[in-house]
Amino acid sequence: MWCLGVGGIDMKQYILDIVHGISSIAKGMWVTFTYLFKPHATVEYPEVNVESMLPPRYRGILQVDMDLCISCLACERACPIECIVIEDVKGDKTFVTSKLTQKPTPKVKYPLRFDIDIAKCMFCGLCVEPCPTGAIHHTRKFEGSVTNVADLTYSYIRDTDIELAEKQVELLANKKEKEQA
Amino acid sequence: MSVQYLADAAYREEVLLFFSRVIPGQVIEAITLFATVAVFFSLMVTPIAAISVYIERRLSAKMQSRIGCNRLGPEGIFQMVADGIKMISKEDFMPQGADAFLFKFAPYLVMVGAFVSFACIPFSKQLLLADINIGVVYLLALSSIVVIGIMLAGWSSNNKWSLLGSLRSAAQIVSYEIPLGMSLLIPVIITGSLNLQEINQFQSGGIHNWLVFYALPFTVPAFVIYFISALAEVNRTPFDLPEAESELVSGFHTEYSGIRWGLFFIGEYHNMFLISCIAVTAFLGGYQKSAANFPFVIVSLFFMFFITFHILTFLPKLGFSLFQGKNILDMLMFHHPKPMRRWLRIVCLILAVVVSILFYINHAHSNMIQVVTFISKAYFLVLFIMWLRWSLPRYRIDQLMDLCWKKLIPISFICLCGVLVWVVLI
Ligand code: SF4
Ligand code: SF4
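So the protein lines, in turn, are chains R and F. Under numbering that gives the first Met the number 0, the first residue of the first sequence carries the number 0, and numbering increases by one thereafter. Under numbering that gives the first Met the number 0, the first residue of the second sequence carries the number 0, and numbering increases by one thereafter.
It is worth saying that the hints were derived from the structure and are not from the lab. Treat the hints with care, as some may be off.
[To be verified] Derived BS3-like pairs: lysine-lysine, alpha-carbon spacing no greater than 27 Å straight-line:
1) 37(R) <-> 61(F)
2) 11(R) <-> 405(F)
3) 405(F) <-> 26(R)
4) 406(F) <-> 26(R)
5) 26(R) <-> 61(F)
6) 11(R) <-> 406(F)
Using the sequences and the accompanying hints, generate a full structural model.
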């Protein structure tokens, strides 16, 4: 042994190194071997319905319930990247039942345009928090791919909303005429 | 009737005589040899790369808790065809300032070096392309051709990553050739022959005759050293420094694309299979009959039957839907329902056990059985290499050199001396 010690090699350390090397390799390989018999952690996505596996507070693509929206513009102001665009008109006062507080909330403005650019949206959820009626909310949807990026500007206005807005504007005008008369 | 005629030796003589009047005998011999080589390579060696890639993808997926490719065809078995088509149809790009001739020449060197080595591997008693007396030397010499290919690839790419990778490869392969050669000398000393067929014949008769168990305290470390240095020779993880992705983009084949890159890839997988073949021939009893072969044969037969059944149950469905004019890609995405898969597994296992017992009984009479035995053992080692790859991190270059010069070479030298003493005394 002494002759090997001449080269500055500590024999005991040398053998310990080899033993340690082999045992640690064996340990590592045992870990990967056990993984052969474990079920896989991934799912086969398009076939398996992953929407049910999402966490409960998942922030997916935004949805606006236009029957509840009172066009207060709180969401538009809250959005840090200004991807919400709302245009509205003043109309006769009505009440909607807030989804959050279950109390009637006055509605004096009626949206004619409610667009969210989902391509820009970063799903931060800042628009959801100030909404007084719970109209704007996240869904669990995340599949938004389209071939034209303009198609990602979602418009939430339906024809009935525009009809309603026109009706309420007329009502308000009638009221004002009566008052003046 | 024609089969009968061909089996009749006299008739065969007559046919050969007839042809030899028209064509000289050497030409016939050359043509037969060529045909044998062609059939051998196209049926046995060439698919190895494709199958290995598929197996490695599924295995690595399993080890990383993924599923892996299972879309194209039953259990994703046609994925290798898709990979091949992708590789061939990609653009073949050459960087500016590259040495055109060497750049194009290098992949062939790497691949041919891997292919030609198979010539002297005895797959069975008769399936041996070249029964040369210096088989071991031939293998060691050819493994250096691969280095030249890698060096040329790195140098001709006109890219610093490539150059660094190829230089690393040269340093690594030159150092690891020493323990590799020394540990391969041990079977040579024991059997007294450089001929791989004779080394193989020496190990007939059962597991106690395998060279790895010949002189237990010396041959087992020698086998391990052979395996480690062979891994380093073919640049497999944990010794894949020449193509270290995290440092050198992808080393010597950074600039390669398309089928030229594919040739490197094929060469790598063939080399992997080759070192396993040499390990089996020199240490693990080759194709010789032994009860210890049972687990390897059963596992490989099981997978063979499993895949065959999958394809057989899949083809009618595919044909039917093609007949209906459906989209072929939709049809290829085919999954067996779970209970059927479980049922298939049990049937295949029973079949594999039965067939392996039949193989054991008829081992001496059939070349095919010997080939299956040999390949299943070699494939077990290939699986082991893959397993290593997905378990271990890469070595640093100084650790690599330290391992070679301070550990493997002294130990292999001690083993060599020990075996010499053993052979003389016992
Ligand atoms: S989620 Fe964030 S980014 Fe998206 S619309 Fe709401 S406030 Fe804007
Ligand atoms: S905050 Fe709610 S109620 Fe107000 S405009 Fe936005 S969606 Fe409508």
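Right, here's what the structure says about each hint:
1. This hinted pair checks out: residue 37(R) and residue 61(F) have alpha carbons roughly 8 Å apart, not beyond 27 Å.
2. A C-alpha spacing of about 14 Å is found between residue 11(R) and residue 405(F), which places the hinted pair at or below 27 Å, so the restraint holds.
3. Pair hint residue 405(F) plus residue 26(R) holds up; C-alpha atoms about 23 Å apart against a cutoff of 27 Å.
4. Under the criterion of a C-alpha separation no larger than 27 Å, the hint pairing residue 406(F) with residue 26(R) is consistent with the structure, at around 21 Å.
5. As the CA atoms of residue 26(R) and residue 61(F) are separated by approximately 18 Å, the hinted pair is consistent with the 27 Å bound.
6. A threshold of 27 Å between alpha carbons decides the hint, and for residue 11(R) with residue 406(F) the separation of about 13 Å falls inside it, so the pair holds.
Of the numbered hints stated above, none is contradicted by the structure.
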